[in-house]
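For chain A, the structure is supplied; the task is to place chain B on it using the hints.
Listed below, chain by chain, are the residues.
2 protein chains.
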Amino acid sequence: MQQVRESDLPPVRAPDVVRRRSEDLVGRKDRSERLRVAVLAPPWFAVPPRRYGGTEAVVSLLVDGLVRRRHEVTLFASGDSRTEASLVSTFAESRSDDLGLTQPELLHALTCVHDAHAFDVVSDHTGALGLALSNLTSTPFVNTVHGTLAGEAGTLYRRVCEVTPGAALVSLTESHRSSARDLPWTATIPNAIALDDHPCRASRGGEYLFWLGRMSADKGPVTAIEVARASGMPMLLAGKVRGAAEQAYFEEEVEPLLGGGIEYVGEIDPEERVRLLHGARALVNPLAWDEPFGLVMVEAMACGVPVIATPRGSVPEIVVDGVTGWIAASVEDMAAAVERCTEIDPRQCRAVAERHYSPERMVGDYVDAFHRVIERAGRAIPLLGRTPF
Amino acid sequence: MQQVRESDLPPVRAPDVVRRRSEDLVGRKDRSERLRVAVLAPPWFAVPPRRYGGTEAVVSLLVDGLVRRRHEVTLFASGDSRTEASLVSTFAESRSDDLGLTQPELLHALTCVHDAHAFDVVSDHTGALGLALSNLTSTPFVNTVHGTLAGEAGTLYRRVCEVTPGAALVSLTESHRSSARDLPWTATIPNAIALDDHPCRASRGGEYLFWLGRMSADKGPVTAIEVARASGMPMLLAGKVRGAAEQAYFEEEVEPLLGGGIEYVGEIDPEERVRLLHGARALVNPLAWDEPFGLVMVEAMACGVPVIATPRGSVPEIVVDGVTGWIAASVEDMAAAVERCTEIDPRQCRAVAERHYSPERMVGDYVDAFHRVIERAGRAIPLLGRTPF
Chain A
366 MQQVRESDLP PVRAPDVVRR RSEDLVGRKD RSERLRVAVL APPWFAVPPR
416 RYGGTEAVVS LLVDGLVRRR HEVTLFASGD SRTEASLVST FAESRSDDLG
466 LTQPELLHAL TCVHDAHAFD VVSDHTGALG LALSNLTSTP FVNTVHGTLA
516 GEAGTLYRRV CEVTPGAALV SLTESHRSSA RDLPWTATIP NAIALDDHPC
566 RASRGGEYLF WLGRMSADKG PVTAIEVARA SGMPMLLAGK VRGAAEQAYF
616 EEEVEPLLGG GIEYVGEIDP EERVRLLHGA RALVNPLAWD EPFGLVMVEA
666 MACGVPVIAT PRGSVPEIVV DGVTGWIAAS VEDMAAAVER CTEIDPRQCR
716 AVAERHYSPE RMVGDYVDAF HRVIERAGRA IPLLGRTPF
Chain B
366 MQQVRESDLP PVRAPDVVRR RSEDLVGRKD RSERLRVAVL APPWFAVPPR
416 RYGGTEAVVS LLVDGLVRRR HEVTLFASGD SRTEASLVST FAESRSDDLG
466 LTQPELLHAL TCVHDAHAFD VVSDHTGALG LALSNLTSTP FVNTVHGTLA
516 GEAGTLYRRV CEVTPGAALV SLTESHRSSA RDLPWTATIP NAIALDDHPC
566 RASRGGEYLF WLGRMSADKG PVTAIEVARA SGMPMLLAGK VRGAAEQAYF
616 EEEVEPLLGG GIEYVGEIDP EERVRLLHGA RALVNPLAWD EPFGLVMVEA
666 MACGVPVIAT PRGSVPEIVV DGVTGWIAAS VEDMAAAVER CTEIDPRQCR
716 AVAERHYSPE RMVGDYVDAF HRVIERAGRA IPLLGRTPF
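Which chain is which? The protein sequence lines are A and B, in order.
To convert, note that position 383 of the first sequence is 748 in this note's numbering; the numbers rise steadily by one, no gaps.
To convert, note that position 177 of the second sequence is 542 in this note's numbering; the numbers rise steadily by one, no gaps.
If you are wondering where the hints come from, they were derived from the structure by calculation, not from laboratory data.
Bear in mind the structure is a predicted one, so any value in this text is a computation, not a measurement.
Warning: the hint list may mix true and false statements.
When chains are identical, the list treats them as one kind, so a pair holds in a single copy or across two.
[Stated by the list, open to error] Each computed DMTMM-like pair below joins lysine to aspartate or glutamate, with the alpha-carbon atoms no more than 25 Å apart:
#: 1; residue 1: Lys605; residue 2: Glu591
#: 2; residue 1: Lys605; residue 2: Asp463
#: 3; residue 1: Lys605; residue 2: Asp462
#: 4; residue 1: Lys605; residue 2: Glu628
#: 5; residue 1: Lys605; residue 2: Asp733
#: 6; residue 1: Lys605; residue 2: Glu617
#: 7; residue 1: Lys605; residue 2: Asp698
#: 8; residue 1: Lys605; residue 2: Asp562
#: 9; residue 1: Lys605; residue 2: Glu719
#: 10; residue 1: Lys605; residue 2: Glu539
#: 11; residue 1: Lys605; residue 2: Glu632
Isolated chain A, as found in the complex (with noise of 0.2 Å):
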């Protein structure tokens, strides 16, 4: 493995990388009970997002739940994040402006890479090339893939994974990694949201339908409508409209099909999200692509409240069929199951939500896939006794 080299050069840190210790690490002695470890968020949006970043959103709540169970966490992200763990940021701010660009992102991550050694694993969510970089440390990474493999980036995945001999992949779903069997997978951790933020609502109905995403055709903004005139329902429509494609798809297929008790509300912050979901007779999410996973799924089904989708991606996972809701493929089926909604009780919904997509789940498979890694790659494991949760 690569070693960083003992060089003649002065050590040279990035001026703007500011290191903040949380109190609550200050005075730990016993290192033995512990992992340490490094979480390396991407550097689009602040852990946890403003508003939209669902790979934040759950890096959130992986960095407290491990620092809950007295792991010893750095959360690698923006500056402008909190958590409960120390925090090494690379910028100030979180970099949305400038989405995807190698420059930062490489910055970002290598800040990580460069800490590796006084760690026991990294938890990884930046994608391929946080996969590339994990060759320049022989501390151990597990790499969680939050997006699609399907086309150019399942491609890259399997071009790093060539080159990266002790790759440890995380799938979200099993539909998720069904789509690159071949790639090196260590565990599938479906996602958690944060439960007590999605109360359950006590009763069944709701007088509107919801749909809530990005404004893409792959969401199916279009069908949802199609299914609210379907079934003669008012719609509200939420979402960001991000970029060119996206206000030109909104502008062209969806914006004429406002009015007539169907509206679209824009973007809305998590405590609109919850009020609008506790309204709704359904959410309806007639995905048109596979997706890895669907928070918002998980979201109305923590707060009672029925999804109606389509079998696409991760949904026959999530949802599950006459229980939490209803999975159809068409639009006529689809405003059927609108009929059938106040069939499916609010509190069994909320069960399976902290069955399955709890925080304390999540957290449980990603030390569980810490210690697996970290065996593989036989190192010695800190961890003398047991983590107390």
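Here is chain B on its own, set in the frame of chain A:
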């Protein structure tokens, strides 16, 4: 050093990777006389570029010059490239719409890294990402820095060099190198131009001033117009307006100054560039930043056209004051220099261009650098004789 892992997975190749062997390599037997050189171009533009793409133009001259010296050369570039070398393409078409994005850049660079074991040296023109990935192979890399090292780019190079023991960088000018003296430089190799495509004019004079560049404040189009007004000369401005920021700059700062003999002619192709240079009194290049190189100044020089430029970045190394043009800091001094342009002998300009900026000189410098890093890497050099030129 990392080795490509011996995986139990079947070898996977990006489905769109195309391998094309140039005919002139077929039948070669005595490879011991040649270096096996991989040249890794950026994936954003074809090699050579159709219009915009200074790096790709230089890479094209390097690749074809190495082939003419009978080295065994493989160019890693988009499939719309034209070369005398072998061509390996990750993408059938150049990815200019994705300029700067990690996903295509990483996939493209890994194609080269994956094959690097088959070469004596990799001449890398992809910037910091290629340098970071060079750790994945034992084949030495010579990494040419084509961009500025001011600000975040310099920070990134320092960070990558920290984790890259064998880093060997090429700067374009001494000014370029001096902006980051602490980096592991192996050579300063000025760019070259295709001298045959830039014939020298016979006569002095010309009835307008000429400005050519990206439409940004860095390149000084407003100052150039002020020089034209102060000297009472018409001016032609040429160059592409790329992206929202340049569009806004053009509309707010430049467009209001047009008229009265000051004309913007848009983006022009190489032939039109030469034609407009031949008719110009001088190229006015009032840089407001430390440009690492300035191809357009060398092109003017080759065409026998004086260059009037501010003493920033590479200018004092490229412009021979009083011989190939004038170095002047203020609008007044530049306007005074316009008066003296007829003192500049086109043949002297041409002689300087031929001496310092020929492809032969550049290719020779690169071959020297390749030998140096190959020797340092402790590898057997398969070149038993001398290269023919």
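(request) Find the hints from earlier in the document that the structure breaks and name them by number, from lowest to highest. (result) Going through the list in order, the structure violates hints 5, 7, 9, 10 and respects the others.
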